[in-house]
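Assemble chains B, C and D onto chain A, guided by the hints.
In order, the protein sequence lines correspond to chains A, B, C and D. According to this note's numbering, the residues represented by the first sequence are 1 to 83, in order. According to this note's numbering, the residues represented by the second sequence are 1 to 83, in order. According to this note's numbering, the residues represented by the third sequence are 1 to 159, in order. According to this note's numbering, the residues represented by the fourth sequence are 1 to 159, in order.
Don't read these hints as lab results, they were simulated from the structure. Beta carbons are placed, not taken as given, at the ideal position from N, Cα and C, and that holds for glycine.
Once the Cα atoms are required to be at most 20 angstroms apart in a straight line, the calculated DMTMM-like pairs of lysine to aspartate or glutamate come out as:
| id | chain 1 | residue 1 | chain 2 | residue 2 |
| --- | --- | --- | --- | --- |
| 1 | C | K142 | B | E51 |
| 2 | C | K127 | B | E11 |
| 3 | D | K28 | C | E43 |
| 4 | A | K27 | A | E63 |
Residues from chain C that keep clear of chain B, each with C-beta distances beyond 12 angstroms, as calculated:
| id | residue |
| --- | --- |
| 5 | L6 |
| 6 | P11 |
| 7 | F14 |
| 8 | E25 |
| 9 | K28 |
| 10 | G45 |
| 11 | T46 |
| 12 | W74 |
| 13 | K87 |
| 14 | V89 |
| 15 | G91 |
| 16 | H129 |
| 17 | S132 |
| 18 | S134 |
| 19 | A150 |
| 20 | E154 |
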Amino acid sequence: MNIRYFAWVRERVGVEEETIDVPGNVKTVADLIAHLKSLDENHAAAFEEDEAIRVALDQMHVEQDAALGDAREAAFFPPMTGG
Amino acid sequence: MNIRYFAWVRERVGVEEETIDVPGNVKTVADLIAHLKSLDENHAAAFEEDEAIRVALDQMHVEQDAALGDAREAAFFPPMTGG
Amino acid sequence: MTVRPLVRVQPEDFDVREETLRLTEGRKDVGALVSFTGLCRDEAGTLSALELEHYPGMAEAELVRISQQALERWPLTGLTVIHRHGKIVPGENIVLVIAASAHRRAAFEAADFLMDYLKTRAPFWKKEHFVSGSGGRWVDAKTGDTEDAARWTEKENRS
Amino acid sequence: MTVRPLVRVQPEDFDVREETLRLTEGRKDVGALVSFTGLCRDEAGTLSALELEHYPGMAEAELVRISQQALERWPLTGLTVIHRHGKIVPGENIVLVIAASAHRRAAFEAADFLMDYLKTRAPFWKKEHFVSGSGGRWVDAKTGDTEDAARWTEKENRS
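Looking at chain A on its own, in the form it has when it is part of the complex:
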């Protein structure tokens, strides 16, 4: 699965984009966040305040309890500050 990070989430993880293998027991966005946190310290730091993190699956906003389904891209980022 393609994973993208933006703003301070990106800075903490240390990469803009990465491709990861999603284990079979990872069904929801929350599962995916837990999995990413387990990868290394950077990911753990990025998702420390995980309730603050917003998520998009295939470029659509979703909640953290959303199923990953057949999404090809997940993106993680802080609350938006455009405009």
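Just chains B, C and D now, kept in the frame of chain A:
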């Protein structure tokens, strides 16, 4: 006193502007309207729907019960439709 | 710093870019700018022109008074009101209001307020002239406009 | 007639006059046009630039989705949303929203709605860079923006 008319009030009176002598018993805008109505048929027609007529004294909106005071100009016109 | 509104009553058209720049150029305190443009509309294709009559002197004075009310009510960095008079054909501009502020809520509300008050208080009258050539017709004031203007007094009473 | 919103995400500045003309030129059905311009502000004189990061693809898609919601909700004749990205210095434009309609209430509400939704839903993030040269700081999302966006759901529930 200088009297000005606008829009359909002007068209009914037949003049844009006129100077009239205000009798001593004419104290308020309503008195002035009653006096103008008595002048001729055109004035009477212009002020027929007198509750629809708006008034300004010296270029400030006033109600019909306002005193003329030392105003030098009174203007009569329909509800405004600018913008 | 006292903000002086720019008020103009003129037969000529206006340029929204020029008026926007006047409120923003060389400044760093404007975060939000809301502009309203009112245009002469004619979906039916029956209108040849609107004729806008105004009360010279009072039109400018009343627009300044309404602008001062907006400036007292919202923290604006600038305010522009331009109203045309004379004959205006369908598709042309009639009125421009621009409110500038540090924040968007103030700019939106001030522009909205200004248009509502302008519609019911600024001494302008529209007469429709038709393609058919039949005599012009004075536009009736809309009850909706009076209700729109009343929204701002209600708000005032609530606060 | 289906109205297609114009959505652009670009590093370049925009011209409000050009975008206004695009929505009005050669038409007789536009009576009201409300435009919102958001600018980079710096009263304190401490900011060297805002850096606007965005999610390419999703930024455009989300602005189109928000525009479609506005078009379903208000009878608009046209809608334009332009959001810049990259480095923007104080005094420069960031975002432009223009809503055109036959009537002014629809144009005001649609532009206001669009800005509220854009602020909370369009994937853009601001980082402040300072004159002092100290490392950049990500701007925090404002609670007020979320509350502003919620106004429109409340309205929907009431109607």
